[in-house]
Amino acid sequence: MTRAVTRTGRGSRGSTVSLALPWPVWVPAVVAFGLIAVPVAGLIVRTDWPNFAALVTTDAALDALWLSLKTGLTSTALCLVLGGPLALVLARSNIPGLPFLRSVVLLPLVLPPVVGGLTLLFLLGRTGPLGQLLNAWFGITVPFSTEAVVIAQTFVAMPFLVVSLEGALRTAGERYEVVAATLGASPLTALRRVTIPVVLPGLISGSVLAFARALGEFGATIAFAGNLQGTTQTLPLLIYIQSQNDLDGAVAMSLVLVVVAVLVIVATRTRDVSGVR
Amino acid sequence: MKPLSSYLRRPPEAASDGSGLAARVTTRRGGFTLDVDLRVEPGEVVAVLGPNGSGKSTLLGTLAGLYAPEDARVTLGGRVLLDSADGTAVPAHRRRVGMLSQQALLFPHLSVRDNVAFGPRCAGRPRREAAAGARRRLDDVGVGELEDRRPAELSGGQAQRVAIARALATEPELLLLDEPFAALDIDAAPAVRSVLRRLVRDTGQTTLLVTHDVVDAVVLADRLVVLAEGRIVEQGPTAEVLARPRSAFAARIAGLDLVTGVAADGGLRTPDGGTVFGAASEPVDDGEPAVAVFAPTSVAVHREHPEGSPRNVLPVRLAALEPQGQVVRLRAAAVPQGPPWADGLAADITPAAVAELGVEPGDDLWFAVKATEVSVHPRSR
Amino acid sequence: MISARRLVLTALAAAVTLGVAACGSSGGEQQQAAPARTLTISAAASLTDVYNQLKPQFEQAHPGTTVRFNFGGSDTLAQQVVQGVPTDVLATASPKTMQTAQQAGRIEGQPVTYAANSLQIAVAPGNPKQIANLQSLVGPQVTEAICQPTVPCGQATQAAERAAGVTLDPVSQDPDVRTVLQRVTTRNVDAGIVYVTDVKATNGQVQGVDFPQASAQGAGQTYPIGVVAGSQNADLGQQWIQFITGPQGDAALTQAGFQLK
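Chains as they are written, first to last, in the working numbering: chain A, 13 to 289; chain B, 4 to 384; chain C, 15 to 275.
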């Protein structure tokens, strides 16, 4: 009996009959998909397969891949730790000027990444106001360091996390938190045991977007962090440099980047669909 | 002649020690002013009835700790929850005020059992103990076998039962019910209402119910408070208010005929030994306090004893004729040899029918109601 | 297969060039409206200032002609030309990159070499770190940026390093010389190895330090220019080459710090 009902519950979700889409939707949809998929497929066709392994296992390539993964994950974690609370403030607080704050958060989406990198340089560079202080007080020079790569990636990736998380928070609404409060949950308990689990799918997809953006980040990185193998040369930087004189290598490494991104997206998507725990 | 209300339960002796809920709320929201002074005694169930926009949600929100009106004082069990005079405002999670609303709002990521154990866990109970308690609570509401389910796998009625268990698991000092059956299927509502009634009664749970469904009030509440445009326009024992509504809103929602007694085979036995034939809306044991409810529009009025059966036919004396828009309401008084509970019953008929019958106050008439038009509900004791 | 290859080439060209797409139409349809013509020139980044300065003079001398530039690293430009990006003239900063285009059959006739440039160490005005030569750049007390070895200025820098017998420890190897220069002007590095012309172009924002290995084999830079094969505006392209190697071009190049060839 119990089992039968369970099946019905699950089955009704899977067997929902969707309404037929009107035909004008299909043509642009196919074009849109093709615009994304065909060039990427072209990458596969263009790849120099016999030498693929050699091309993607050069010292520079391995260094860049490792650096990209390391900095991408670190900046995603930073986006979560800093951007998560920011999304909460944007979605739940009623401090004045929220619309203004929200549009500021979106700026990295609009700014060309190179400009983002330059603004970071103006702030944190050796002659920048914050950079001078850091240098004078702690002897820290931010540009041209792996930390600079992480900062640049976090700068461009942050809006992706904040926007998707804020959307998820708004969709979920405050009703679960209200219920939790009437059940005796302190705001922190409600955040930990109710809000975060409820918006987990949004949190995951936001993190994936942020990671993907950080992984592909180029402009802000080269402007702010420079380009040095093993320290600041991420995969996109290496690909750009390589594309100037070794297209085969550039194409092969682009494919590696694509595969990494697809793996991450697929892994999290699967989790997403299987439901939140 | 005994007044109808004498058959109904009186509210518990008003405790004058300040326990229970005392709330005085004055607030202005937009162009609307709420000005309410309300008491709920320990163990008492009070229903607040009012049309939309009468301030019910603001009142509930204030009690739950979601709004802080500019001028309010709320005490519960001797604790000051809110006092605008000195700025006291106990946060929602420390009020020990539970809430059950239209939507069950079960946490979607937790199993049914963990939903119910949530409150006790927040109160610091060990996991094992909280889970065991949750199982008991789920058995109490009749869904013990669903403890491992996810909320998405429950029907609306099941979910609301779990929500009831969850709200009561924290053993709140005050339980707020916000239209708790409004979103349920018409088939599911009576059973869930019955579960809630039993639990609230058994535990002597101090409860404030907000509803616009008079049946909820009849079934659950000792006392009725009628709210209109932000003010209390009427209050008193449920049956009394419903039998003799003094406000327009109460008259409209109360536009129902109520007969109290105990449940019996085939309907309701009145205190004088008569029977009102009808169908029970939910399982109710013989001898249990109950109320028979029917609409005045379903009452047929005759000069002579009508032929045919099975019907509820009773002699009445016409007390008053009240024009009510499209219809005329005939208000009945009891006749000396007839059932005393006929006093106050209403029948709505068309002006044409009134003219045809040629009735006047003081005339003796017969009211007839089909058994299928009468529903029998258990009522508060 | 052929169509797939074409598609791939198109996609790659688009991906590599990005901004160039907008400059792509070198004006087939514009030829009917006789005087209105657009000459598209792909030029090495180090030519930016001189070419921009000469553009109005050339347009004045050829009424109805609009000159558009596609500035970038020489390698990128040569690749674009090989991939068939529509452009009329290719002006690179090294013979090697020009050869890349030539070998692909994308250059009409013989390219002309018309200017040369040499390396200088760019430092903050007043040379606060007392930098005298390549050797003084080595070590953590002086931070420097240089060009990535795959671009001409990077190859020139490597040649100078070899001649001086030093190995630099840059904090960044940048994809073009302007990025190196920007790091010096923003004072984020103490020194950068750039060309004389780049130092001159900053109008005193940086100071140039000459060093002996700047004239070593391979450290210098020569500037070839040629008309792209199949250009609809080959005649105009030839006129630009004559103009750039003529008196007006010479004057502008000299003023910018180039040596004439």
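Please note: incorrect hints may appear among the correct ones.
As the list claims (entries may be wrong) - According to the in silico footprint, chain A covers these stretches of chain C (three or more CB under 8 Å from chain A):
{"id": "1", "segment": "89 to 103"}
{"id": "2", "segment": "180 to 189"}
{"id": "3", "segment": "229 to 243"}
{"id": "4", "segment": "248 to 260"}
As the list claims (entries may be wrong) - With a cut-off of at most 20 Å between alpha-carbon atoms, the simulated SDA-like pairs for lysine to any residue come out as follows:
{"id": "5", "chain 1": "C", "residue 1": "LYS143", "chain 2": "A", "residue 2": "THR70"}
{"id": "6", "chain 1": "C", "residue 1": "LYS110", "chain 2": "C", "residue 2": "ARG51"}
{"id": "7", "chain 1": "C", "residue 1": "LYS110", "chain 2": "A", "residue 2": "GLY151"}
{"id": "8", "chain 1": "B", "residue 1": "LYS373", "chain 2": "B", "residue 2": "GLY328"}
{"id": "9", "chain 1": "A", "residue 1": "LYS82", "chain 2": "A", "residue 2": "ASP258"}
{"id": "10", "chain 1": "C", "residue 1": "LYS214", "chain 2": "C", "residue 2": "GLN252"}
{"id": "11", "chain 1": "C", "residue 1": "LYS143", "chain 2": "A", "residue 2": "PRO248"}
{"id": "12", "chain 1": "C", "residue 1": "LYS143", "chain 2": "A", "residue 2": "GLY151"}
{"id": "13", "chain 1": "B", "residue 1": "LYS373", "chain 2": "B", "residue 2": "ARG332"}
{"id": "14", "chain 1": "C", "residue 1": "LYS275", "chain 2": "C", "residue 2": "PRO109"}
{"id": "15", "chain 1": "A", "residue 1": "LYS82", "chain 2": "A", "residue 2": "PRO97"}
{"id": "16", "chain 1": "C", "residue 1": "LYS275", "chain 2": "C", "residue 2": "GLY244"}
{"id": "17", "chain 1": "C", "residue 1": "LYS214", "chain 2": "C", "residue 2": "ALA118"}
{"id": "18", "chain 1": "C", "residue 1": "LYS143", "chain 2": "A", "residue 2": "GLN144"}
{"id": "19", "chain 1": "C", "residue 1": "LYS110", "chain 2": "A", "residue 2": "LEU259"}
{"id": "20", "chain 1": "C", "residue 1": "LYS110", "chain 2": "A", "residue 2": "LYS82"}
{"id": "21", "chain 1": "C", "residue 1": "LYS110", "chain 2": "A", "residue 2": "ALA148"}
{"id": "22", "chain 1": "C", "residue 1": "LYS110", "chain 2": "C", "residue 2": "LYS69"}
{"id": "23", "chain 1": "B", "residue 1": "LYS373", "chain 2": "B", "residue 2": "PRO326"}
{"id": "24", "chain 1": "C", "residue 1": "LYS69", "chain 2": "C", "residue 2": "GLN269"}
{"id": "25", "chain 1": "C", "residue 1": "LYS69", "chain 2": "C", "residue 2": "GLY232"}
{"id": "26", "chain 1": "C", "residue 1": "LYS110", "chain 2": "C", "residue 2": "PRO154"}
{"id": "27", "chain 1": "A", "residue 1": "LYS82", "chain 2": "A", "residue 2": "THR201"}
{"id": "28", "chain 1": "C", "residue 1": "LYS69", "chain 2": "C", "residue 2": "VAL96"}
No lab work stands behind these hints, which were simulated from the structure alone.
Where is the CB? At the ideal position from N, CA and C, for every residue including glycine.
Right, here's what the structure says about each hint:
1. Counting residues of the segment 89 to 103 of chain C whose CB falls under 8 Å from any CB of chain A gives 3; the rule of at least 3 is met.
2. Evaluation of the coverage hint for the segment 180 to 189 of chain C: fulfilled, as 6 residues show C-beta separations to chain A shorter than 8 Å, against a requirement of three.
3. Three residues within the 8 Å Cβ limit are the bar, and the segment 229 to 243 of chain C against chain A gives 0, so the coverage statement is violated.
4. Interface restraint, the segment 248 to 260 of chain C with chain A: violated (0 residues with C-beta to C-beta distance below 8 Å; minimum three).
5. The suggested pairing of LYS143/C with THR70/A is violated, with an alpha-carbon distance near 37 Å, which exceeds 20 Å.
6. This hinted pair does not check out: LYS110/C and ARG51/C have alpha carbons roughly 31 Å apart, beyond 20 Å.
7. Our distance criterion of 20 Å between C-alpha atoms is broken by LYS110/C and GLY151/A, whose separation comes to about 43 Å.
8. Among the hinted pairs, LYS373/B with GLY328/B is inconsistent with the structure: their alpha-carbon atoms are about 24 Å apart, more than 20 Å.
9. In summary, the hint linking LYS82/A to ASP258/A is not supported, as the alpha carbons are separated by about 25 Å, beyond the 20 Å threshold.
10. For the suggested pair LYS214/C and GLN252/C, the alpha carbons sit about 28 Å apart, so the restraint of at most 20 Å is broken.
11. Proximity of LYS143/C to PRO248/A is assessed by CA-CA distance (about 34 Å); at most 20 Å being required, the pair is judged violated.
12. Distance hint between LYS143/C and GLY151/A is fulfilled; the C-alpha atoms sit about 18 Å from each other, no more than 20 Å.
13. In summary, the hint linking LYS373/B to ARG332/B is supported, as the alpha carbons are separated by about 18 Å, within the 20 Å threshold.
14. Proposed proximity of LYS275/C and PRO109/C is supported: the alpha carbons are some 13 Å apart, at most 20 Å.
15. Restraint check for LYS82/A and PRO97/A: not satisfied, since their Cα atoms lie roughly 23 Å apart, outside the 20 Å limit.
16. Between LYS275/C and GLY244/C the alpha-carbon distance is near 27 Å, which puts this suggested pair outside the 20 Å criterion.
17. Between the alpha carbons of LYS214/C and ALA118/C the distance comes to roughly 35 Å, so the proposed pair goes past 20 Å and is violated.
18. The suggested pairing of LYS143/C with GLN144/A holds, with an alpha-carbon distance near 18 Å, which does not exceed 20 Å.
19. The hinted pair formed by LYS110/C and LEU259/A meets the criterion: a straight-line CA distance of about 17 Å does not exceed 20 Å.
20. Restraint check for LYS110/C and LYS82/A: not satisfied, since their Cα atoms lie roughly 37 Å apart, outside the 20 Å limit.
21. Proposed proximity of LYS110/C and ALA148/A is contradicted: the alpha carbons are some 46 Å apart, above 20 Å.
22. Restraint check for LYS110/C and LYS69/C: the C-alpha separation of about 26 Å exceeds 20 Å, so the hint is violated.
23. For a cut-off of 20 Å, the pair hint linking LYS373/B to PRO326/B is broken: about 24 Å separates their Cα positions.
24. Under the criterion of a C-alpha separation no larger than 20 Å, the hint pairing LYS69/C with GLN269/C is consistent with the structure, at around 16 Å.
25. Between LYS69/C and GLY232/C, the direct Cα distance comes to roughly 30 Å. Violation of the 20 Å bound is thereby established for this hinted pair.
26. A hinted pair counts as satisfied when its Cα atoms are at most 20 Å apart, and LYS110/C with PRO154/C does not qualify at roughly 34 Å.
27. Under the criterion of a C-alpha separation no larger than 20 Å, the hint pairing LYS82/A with THR201/A is inconsistent with the structure, at around 32 Å.
28. Of the pairs offered as hints, the one joining LYS69/C and VAL96/C is violated, with about 25 Å between alpha carbons and a cut-off of 20 Å exceeded.
Hint compliance for this structure: hints 3, 4, 5, 6, 7, 8, 9, 10, 11, 15, 16, 17, 20, 21, 22, 23, 25, 26, 27, 28 are broken, all remaining hints hold.
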